[in-house]
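Chains as they are written, first to last, in my numbering: chain A, 1 to 256; chain B, 257 to 510.
It is worth saying that the hints were derived from the structure and are not from the lab.
Don't take each hint at face value.
Claimed, not checked - BS3-like cross-link-like pairs, simulated, lysine-lysine; straight-line CA separation at most 30 Å:
#1 B/Lys465 - B/Lys394
#2 A/Lys45 - B/Lys340
#3 A/Lys45 - B/Lys395
#4 B/Lys477 - B/Lys371
#5 B/Lys340 - B/Lys314
#6 B/Lys465 - B/Lys419
#7 B/Lys465 - B/Lys477
#8 B/Lys395 - B/Lys314
#9 B/Lys340 - B/Lys371
#10 B/Lys371 - A/Lys45
#11 B/Lys340 - B/Lys395
#12 A/Lys45 - B/Lys314
Stated by the list, open to error - Which chain B residues stay away from chain A? Per the calculated CB distances, all over 12 Å, these:
#13 Val328
#14 Arg337
#15 Glu489
We put the CB at the ideal spot given by N, CA and C, even for glycine.
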Amino acid sequence: MRSILGWLGHQFLGLLQELGRIMVLLLQALSWLGRPPFRIRLYFKQMEFIGVNSLFVVALTSLFTGMVLALQTFYAFSMFGAEPLVGATVALSMTRELGPVITGLMVTGRAGSAICAEIGTMRVTEQVDALTVMAINPVQYLVLPRIVAGVIMLPLLTIISDAMGILGGYLVGVQLLDIHGGMFMNKIQEHVTLADVYNGLIKASVFGGILTLVGCYKGFYTRGGAEGVGRSTTQAVVMSSVLILVSDYFLTALMF
Amino acid sequence: MQNDRDIIHIESLYKSFGDFRVLDGLDLSLERDRVNIIIGRSGGGKSVLIKHIIGLLKPDSGRILVRGEDIVPLNEGEMARVRKEFGMLFQEAALFDSLNVHENVAFPLHEHTTKSYSEINEVVQAKLAAVGLQGMDKKMPAELSGGMRKRVGLARALALEPKIVLFDEPTSGLDPVMAAAINELIQRTRQEFGATCIVISHDIDATMKIADNISMLYEGKIIARGSPAEIRENSDPVVRQFIRGEAQGPIKVN
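The following block holds chain B by itself, in its conformation from the complex (with noise of 0.2 Å):
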């Protein structure tokens, strides 16, 4: 059942691509003003889900709540609307390679409001600082280390100071002082800027410390939900072996 603290409620998605089932009758909710991570093996949908709850796949059937309205029958220029309510750190950050850090940060407000150059700058300069990035305002994507990228990416999903914030898998591949300054920014995201954060990873000791919720994707299913000191006491084999790191149990390897 929606609940008045969820923010997104997702009920019986389903996603084939081809005959390879991806969701299969997922349910899942997640709560407003908290860190809700969704954790789940590497290529077990955790993208594909995302990647639902912004529009930019429509399931095969099911309903997709944001704050609501069931966003699966939107057509693209009704979901423009909702996801100016959204703010997407990328897993690989997808700042635009032809513009600079300030110009890529500025983007979405120069698209969608109506501020002046000067109030724009501003905004940059602020959420640059936000993100510990004063002063680089002139630096090319390709001349900045993953981290910084990262850090800039969030910054641009910042601009407009969304409800919703996604992070796809934050923390890959950054060593392990630049993940924990990235789990920072995303609990500051949420004290700060008041957003939502919806987190997918498989970093479990990272989830453990920053995660509000947690809930499991394994086989097209949500799992387990809880607390990460409820999700530490679960039974479930398959939730025990994916937290404690084990090569051996119900999750087969291939």
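Excised from the complex, chain A in its bound form (with noise of 0.2 Å):
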């Protein structure tokens, strides 16, 4: 009994450690916020690469989760003659939820890991090192532009996704199961207020911030050469996406 306290204990200090680093370095990397130089191309690349990368793969996996939304929903709803109101429910879900936590996961998988694996080489292949050796700060140089990115980008790609999701829920709710195309679009005018996508849209900024700063930071304290760069890459998605869905939950305590 003792002792798996004392392990619970040791882990949830452990947890702790990290996390007090992972802020020393986003506090780190925001003292940079505004100090030249700027190098302005820099932050344009992370925003092609976190965004407009990322476009194809959130619109896609958006539009199926609006998809079977409708489906599930309808199947419940029908039971209560409550049909019309599947465009409020998923539009309310993907707004409110599904939008940003999704849209928070696959950029996590896709741009989050690949920050971790590049920043990691760079560190066990010294090039770290180098630029702090040529007098340019690593934090400033390679953290910071790509927590940016994340923060600005992932508000722009949530917008994607809660319209493709409630585009999936009218093809299955309107042109499969034969809602009513109106009352379809008039119950979601109706529940769906601007205060529910815009606080989505908080959630998705702090998401695209959590994996950006996550991805940076175990990349930056990697070791152990490549084997180290595959550990440190799943740690990062594994605590990303951890972070990504206790993060929600306060969130959505605190905004509705």
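Build the complex from these two chains, which are given one at a time in their own frames, with help from the hints.
See the structure below:
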């Protein structure tokens, strides 16, 4: 019993220590915000990599999420004749919850892992040291542009995700299951407020910060060659996903 | 005591990682405009020492004077100023693998000078020519051999005309011909670019050929220092065993 408690305590302290180190990296990165040199190109390159290149996979997964959501809610709602509410249910679920979360998780898998692998490889091949030796701060050069790009691009991707999810719901609900199209749209307008959408976008911004920060952190402190890079990349994806889902709960509790 | 000819002067440097003491009260002087070579066993703290000289690691205690200025208490911003006087060739060259050869050499110039693109191009061409790699501009690091990568790394280290160039095991993993070419480049770095060279190595033959002075690092201290001739005549059994490359002696193989 004692050893189990000891083990748990040890794990918990380790987790706190890691979160502390992540916060230190975040503060270091933020301390470079607005300080020259600016290197605008690095920011656009990361925005393209994190945002534009994730567009297709986010759109596709969101479309199918909306579709399956419509299918499932239609089945439940038809039991008490509430089929026209399928549209509003899909739209609310997408904007408040699934749009930001799916986008966050997909971008973690696509870009968060790549960020970690790239910076981790740079670390183990001494490229990060080379930057430092050339009098270039690696946090400013590598970490800050990625975090900024994540915070900016995730809400933009989430708008696409919301729209694709609702489109998927419409295709299944109206085209396939014969819900009246006007009713479907009407109920969405009636029940979804602007606050639902932008609270979702705020969440997405936070997720963008989490997944880029964790990817950078795990990459930055990688040790042990190719094996180490693989290990940190896995850890980055797991840790980002967990933090996204945990913070999602607390953000939701705060916002709605 | 610090001498006028010393460009770097290190006093009682201590560094431990956990319980493992790597530098144990090390004193070292490196001379201006010379090829200074630090020899010692693999894993004996040579890389740790060079990382202290450029401020990538901070010592537990001790002083590191670079041109008379103690760099140990400096913060990152002040350290960046000192580092602009250094160039460093890393063991595996540490080229940025997302950039081609030209962009790698141009990188410090874009970051730290206000030169125009055509001026930068001229410098890059001159440095690539100096290391014998004209016309390789568009190659990516992954397409180059180990020796070529090191030469690009040297061209990049020399781009800002540093006063001090550090070489971390410059010939390890190279064939003898390429190793000889790199050793010649180290001497030319001193002669043509007027830079002080600091080399860490365990390549005894090359060290004897190109060094102006040699310091031997053993168990966290400098145990011998002198010209190649003086080191060869040294009577310390540890130095003798290392120079002659013998398995039997006071240095334990483990």
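Problem - Assertion that valine 328 of chain B lies farther than 12 Å from chain A (Cβ) - result: holds, 16 Å
Handout entry: Pair hint outcome, lysine 477 of chain B versus lysine 371 of chain B [Cα-Cα no greater than 30 Å]
Key = violated, 43 Å
Practice task
Mind checking the alpha carbons of lysine 340 of chain B and lysine 314 of chain B for me, to see if they're no more than 30 Å apart?
Solution key: Between lysine 340 of chain B and lysine 314 of chain B the Cα gap is close to 18 Å, so the pair holds against 30 Å.
Practice task
Would you mind confirming whether the straight-line C-alpha gap from lysine 465 of chain B to lysine 394 of chain B stays at or under 30 Å?
Solution key: violated, 35 Å
Practice task
Sort out whether lysine 477 of chain B lies within 30 Å of lysine 465 of chain B, counting only the CA atoms.
Solution key: holds, 24 Å
Handout entry: Proposed proximity, lysine 340 of chain B with lysine 45 of chain A (alpha carbon, max 30 Å)
Key = holds, 27 Å
Handout entry: Minimum Cβ distance from arginine 337 of chain B to chain A greater than 12 Å, as the annotation requires
Key = violated, 7 Å
Problem - Given hint lysine 395 of chain B paired with lysine 45 of chain A - CA-CA distance at most 30 Å - result: holds, 21 Å
Exercise for the section: Assess, step by step, whether the Cα of lysine 340 of chain B is no farther than 30 Å from the Cα of lysine 371 of chain B, and give holds or violated. Expected result: holds, 16 Å
Problem - Closest CB of chain A to the CB of glutamate 489 of chain B still more than 12 Å away - result: The claim stands: glutamate 489 of chain B keeps its Cβ more than 12 Å from every Cβ of chain A (closest is about 36 Å).
Exercise for the section: Assess, step by step, whether the Cα of lysine 465 of chain B is no farther than 30 Å from the Cα of lysine 419 of chain B, and give holds or violated. Expected result: holds, 22 Å
Problem - Restraint status (C-alpha distance of lysine 340 of chain B to lysine 395 of chain B at most 30 Å) - result: Measuring from Cα to Cα gives roughly 27 Å; hence the hint holds.
Against the hints set out earlier in the document, violations occur for numbers 1, 4, 8, 12 and 14.
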